Amino acid sequence: MALLLITGCASNNTVSEKVFDTSIYAGSEIRVYEVFGMDCPACAGGLSKLVEKNAAVKKSDADWKGNKLIVVLEPGQSFDDDSIYSAVKDASFTAGKRIK
Amino acid sequence: MSRINRTTSLICGLLLSAFLLPIAAEAGGISFDAGLTPPLDRWIVRTQARYMSRSGESMGMSRKMTMYMFPVVVAYGLRPDLTIMVKQPLISSKMEMGGTSSTDTGSGDLFIMAKYRAYRINTASYTLGIAPTLGIEIPTGPPSHNSRSWDINSGLFCSWRSGLWASDANIAYKWNGVAGDGVGGVMPGDELAMNIALARQFSVGRRGRNSIAPVLELNYFDSQAASHDGHDLPHSGESGLNLSPGLKFTTSSMVLELLVQNPISQSQNGTQLERDTTVILGSRFLF
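So the sequence lines, in the order shown, correspond to chains A and B.
Each residue of the first sequence is one higher than the one before, counting from 1 in our numbering.
Each residue of the second sequence is one higher than the one before, counting from 1 in our numbering.
Because the hints were derived from the structure by calculation, they are not lab data.
Just so we're clear, the structure is a prediction, and the values are computed from it rather than from any experiment.
Built from N, CA and C at the ideal position, the CB exists for glycine as well.
Some hints could be false.
Label pairs and their computed distance ranges (CB to CB) [to be verified]: (1) Val74/B with Ser86/A: 21 to 29 Å; (2) Ala55/A with Ser102/B: 31 to 39 Å; (3) Pro214/B with Lys97/A: 29 to 37 Å.
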């Protein structure tokens with residue numbers, strides 16, 4: 001059972017890392033949030049569109065299988081997490097904790 | 001019944017089918033996502049190509065009706081809990097009987113609908129959404145495809161997602177002829193539709209970002225008899241059940257879908273033609 005859990009967690013992490021190649025944004029702040037309710041690739045696309053309306057966001061991508069939203073900030077920019085939570089709500093999803 | 005009367009009856013049945021088929025043509029199909037409203041400010045353009053036919057033989061007279069429908073739907077997430085949709089179908093139909101045929105092409109009536117997110121819960125293990133809809137069909141089509149009838153459509157959609165599994169169910173009722181005088185004074189009967197769908201997604205493509213999903217739907221429809229001067233017409237009204245396998249391919253900005261509706265049970269009043277297999281090819285572009 002423990003092996004199954006470890007395998008499952010490892011699989012999720014791998015998916016998140018593969019979905020978004022963050023290495024090309026070295027030097028930028030990267031935030032990761034839990035998001036529930038994304039059930040297909042089209043759902044993830046709708047959330048990214050809303051998040052990227054924030055001028056401080058350089059790039060965002062959502063991992064619909066791993067329940068994660070990854071946000072890359074513009075260099076030198078910052079914003080309140082509430083603006084992300086608001087976008088998640090506008091997309092009819094539910095925000096969990098900020099992972100990173 | 002004399003032969004002349006029976007022939008007249010056959011012709012009436014075919015003509016009634018011609019008028020009523022466009023109205024009752026969309027017996028569900030590709031109904032998933034229905035209970036989940038799109039995000040705020042999301043535009044969705046959905047197009048379908050529906051091929052359907054009806055056929056039958058009576059008194060040695062072979063009859064067939066073929067129809068291509070191209071409904072175009074534009075939906076917009078006006079609020080996170082409210083979606084507005086406009087649908088405009090294009091219709092091309094061909095009728096064949098006793099060695100003669102006639103074709104007709106034109107746009108159909110305009111349909112406007114609103115969908116409200118009444119309930120939605122998102123958890124780590126499942127998502128559940130319930131959304132009622134209310135719409136109106138306005139007789140805007142050209143004479144050949146104008147129902148001359150204002151119709152109200154109301155429905156309830158429910159969607160459940162768990163992991164890579166997706167299931168949807170909906171029930172819809174259409175009150176035909178709440179206003180208007182109908183084609184030649186004929187008012188179509190009300191329609192009831194119920195659909196359930198089950199799909200299983202598989203992630204595909206680079207980095208597993210896209211998904212492909214086999215789908216299985218059950219589509220039930222029941223159309224009441226049309227009426228003229230308050231009297232039910234004998235060659236109208238039907239019910240049936242379709243078993244519909246399909247496939248859906250989804251990316252972050254596009255959905256391609258295919259569904260084949262196979263009638264497994266159907267019942268028509270009078271001398272109407274029976275429904276054959278319907279094929280639906282669809283696409284959705286999301287902006």
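**Prompt:** Do the beta carbons of Val74/B and Ser86/A sit within 21 to 29 Å of each other?
**Reply:** 26 Å, holds
**Item:** Assessment of proposed distance window 31 to 39 Å (beta carbons of Ala55/A, Ser102/B)
**Value:** 60 Å, violated
**Prompt:** For the pair Pro214/B and Lys97/A, does the Cβ-Cβ distance stay inside 29 to 37 Å?
**Reply:** Holds, since Pro214/B and Lys97/A (Cβ atoms, about 34 Å apart) stay within the stated range.
Checked against the numbered hints above, the structure violates only hint 2.
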